[in-house]
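Participant: Protein chains in written order, with the numbering used here: chain A, 6 to 317; chain B, 6 to 317.
Worth flagging that the hints you see were computed from the coordinates, not collected in a lab.
Keep in mind that the hints are not guaranteed to be accurate.
So the derived list for chain B, only partly shown, Cβ under 7 Å to chain A, looks like this [said to hold, decoys possible]: (1) L31; (2) I40; (3) R47; (4) T52; (5) V54; (6) L94; (7) T136; (8) P152.
From the three backbone atoms N, C-alpha and C, an ideal C-beta is built for every residue, glycine too.
2 protein chains.
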Amino acid sequence: MSISEGGEFGLIGRIVSRLGTSPSTLLGPGDDAAIVRAADGRVVASTDVLVDGRHFRRDWCGPADIGHRAAAANLADIAAMGAVPTALLVALCVPPGVESEWVESLADGLTAEAALVGASVVGGDTTASPTLTIAVTALGDLGGAEPVRRDGAQPGDVLALSGRIGYAAAGLTVLSRGFRTPKKLVEAYRRPAVPYASGPLAARLGATSMIDVSDGLLQDLGHIATASLVAIDVHRDAFDVPDQMRDAAKALGVDPYQWVLAGGDDHPLAATFPPGVALPAGWQVIGAVHDGEGVTVDRKPWTGGLGWDHFR
Amino acid sequence: MSISEGGEFGLIGRIVSRLGTSPSTLLGPGDDAAIVRAADGRVVASTDVLVDGRHFRRDWCGPADIGHRAAAANLADIAAMGAVPTALLVALCVPPGVESEWVESLADGLTAEAALVGASVVGGDTTASPTLTIAVTALGDLGGAEPVRRDGAQPGDVLALSGRIGYAAAGLTVLSRGFRTPKKLVEAYRRPAVPYASGPLAARLGATSMIDVSDGLLQDLGHIATASLVAIDVHRDAFDVPDQMRDAAKALGVDPYQWVLAGGDDHPLAATFPPGVALPAGWQVIGAVHDGEGVTVDRKPWTGGLGWDHFR
Numbered sequence: 006m007s008i009s010e011g012g013e014f015g016l017i018g019r020i021v022s023r024l025g026t027s028p029s030t031l032l033g034p035g036d037d038a039a040i041v042r043a044a045d046g047r048v049v050a051s052t053d054v055l056v057d058g059r060h061f062r063r064d065w066c067g068p069a070d071i072g073h074r075a076a077a078a079n080l081a082d083i084a085a086m087g088a089v090p091t092a093l094l095v096a097l098c099v100p101p102g103v104e105s106e107w108v109e110s111l112a113d114g115l116t117a118e119a120a121l122v123g124a125s126v127v128g129g130d131t132t133a134s135p136t137l138t139i140a141v142t143a144l145g146d147l148g149g150a151e152p153v154r155r156d157g158a159q160p161g162d163v164l165a166l167s168g169r170i171g172y173a174a175a176g177l178t179v180l181s182r183g184f185r186t187p188k189k190l191v192e193a194y195r196r197p198a199v200p201y202a203s204g205p206l207a208a209r210l211g212a213t214s215m216i217d218v219s220d221g222l223l224q225d226l227g228h229i230a231t232a233s234l235v236a237i238d239v240h241r242d243a244f245d246v247p248d249q250m251r252d253a254a255k256a257l258g259v260d261p262y263q264w265v266l267a268g269g270d271d272h273p274l275a276a277t278f279p280p281g282v283a284l285p286a287g288w289q290v291i292g293a294v295h296d297g298e299g300v301t302v303d304r305k306p307w308t309g310g311l312g313w314d315h316f317r
Numbered sequence: 006m007s008i009s010e011g012g013e014f015g016l017i018g019r020i021v022s023r024l025g026t027s028p029s030t031l032l033g034p035g036d037d038a039a040i041v042r043a044a045d046g047r048v049v050a051s052t053d054v055l056v057d058g059r060h061f062r063r064d065w066c067g068p069a070d071i072g073h074r075a076a077a078a079n080l081a082d083i084a085a086m087g088a089v090p091t092a093l094l095v096a097l098c099v100p101p102g103v104e105s106e107w108v109e110s111l112a113d114g115l116t117a118e119a120a121l122v123g124a125s126v127v128g129g130d131t132t133a134s135p136t137l138t139i140a141v142t143a144l145g146d147l148g149g150a151e152p153v154r155r156d157g158a159q160p161g162d163v164l165a166l167s168g169r170i171g172y173a174a175a176g177l178t179v180l181s182r183g184f185r186t187p188k189k190l191v192e193a194y195r196r197p198a199v200p201y202a203s204g205p206l207a208a209r210l211g212a213t214s215m216i217d218v219s220d221g222l223l224q225d226l227g228h229i230a231t232a233s234l235v236a237i238d239v240h241r242d243a244f245d246v247p248d249q250m251r252d253a254a255k256a257l258g259v260d261p262y263q264w265v266l267a268g269g270d271d272h273p274l275a276a277t278f279p280p281g282v283a284l285p286a287g288w289q290v291i292g293a294v295h296d297g298e299g300v301t302v303d304r305k306p307w308t309g310g311l312g313w314d315h316f317r
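Only chain A is shown next, with the shape it has when bound in the complex (with noise of 0.2 Å):
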């Protein structure tokens, strides 16, 4: 059954009928606002928008793949400020003719990632569009913490980072040429691991600042640098790019760092810690944190791309 054939009140019904709930929510879909637990007296809060053909194709990724990345982008956002996510609140514009169960299986997707953190959707609107367009909204509680900021570096803080990285890009561009393998590379792509519970780890490890790498690592490390007056440099060395990736790369024609330091869509947690903290299973040190300004790679500037720019 298409969206139209079933009307608007037909197709909430239906999407609310999957959605699970969790502890924070004290009120869910079904009324004018959702209610949600903020037990810290402060709420933290990231809207990202995913928009058909740009950020995702539906060729490419199945509606539970693209339920799982819209809301693994925005709850890696509450992660990186040292958080943990309580709600998404979703917005979506589907075609008319779009299928019923394809919409299903996307709210079955947000709701599955929404899990892997104990939060759930609590609310949203549904409405018919040209474009296929989701935007997320993911609420968080800092449960007593500070918030890590980007604009704390400090040169002499070591950088490091939490979650695989270079793998979503590397299935990107396989996808992109055509292929569906290797099946770890695509699936990458299709469905992130985001490490969230590295981001209140980090935080109560003293981490200086913080960010969600989704749009390339040097440029997100670009905005730490910016906002903290500091320069960044990356040990190119200190990635272990897998062999799966290295073939990949070569039959491709491809240079794996440019995945590793440019793509986006993984999601790792990028932190400044100051120096001799012991860091924990799951961050690995990528880099230093230096006076100055910029971000370089083994001190040199990158010439290849940095990232993502999403007007052009």
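Given the coordinates of chain A, work out where chain B should sit on it, guided by the hints.
Facilitator: Frame of chain A; chain B shown alone:
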């Protein structure tokens, strides 16, 4: 300058420079997420999306008007829970050829409407898209009060309305027939005048249910009737239909009560109150709650359209 010439970060910078701040904003735009005060320990949250050609037309509304409308649609949802809005987050999808001045005026409209309730735009996302789309999430604070939901109306309650109704629908009909006057009706469509303060006031007065009328009074009252398991009767003579609206209706061959009872976009608040509550200025009794189900007008079914379905 078009947006694609300035690039994503140029556009974001120009938008952010126009956003104000508010006492609720603990961390505004520029980091992975915003942080908003939630002193109550709960946060009220709602998302609405507006799509070009469906919820607005750029030849009927200027960009500042569209910003006011997008903000109002969301802020009204917060008020309808009995809460005070604290912040907006905005996801903006813009065709690359749109002028950046257009987007800046849109941001001005969003900012100005939010400022009416002491809130501000604290974050968001921008991207290119073939379809101009504005998804807004509003947050709000209950200030220790219990939320006013849709499911608490009781037989014997009075039904009351705060805010103008029918004006925006009349303005839409005027514009859709190619006219630009009466100015009062057209302006009502372009910029809703939402009675934000009436929401928390109704909560304090003991409202048993409340809703933001966005899609049409009878349709939206149907949500209260369904959720509360009651019947709602609307008294047609309770509405003060101004001469200007009657004259326009006559000239256009329309029943003005179709605008009043089934028109959207004005965002008045409809609420039910226990019998005997003294309603303050700004609230007008327009009907009553009975045993049964469904919504009637003077105890008879309404034979005109009920309201708006976003997929038909």
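Participant: Does each hint hold? Answer for all of them.
Facilitator: Evaluation of the provided hints:
1. L31: holds (6 Å)
2. I40: holds (5 Å)
3. R47: holds (5 Å)
4. T52: Result: holds, 4 Å to nearest chain A Cβ.
5. V54: holds (4 Å)
6. L94: With a minimum Cβ separation of about 4 Å from chain A (threshold 7 Å), the hint on L94(B) holds.
7. T136: Since chain A brings a Cβ to about 4 Å from T136(B), closer than 7 Å, the hint holds.
8. P152: holds (6 Å)
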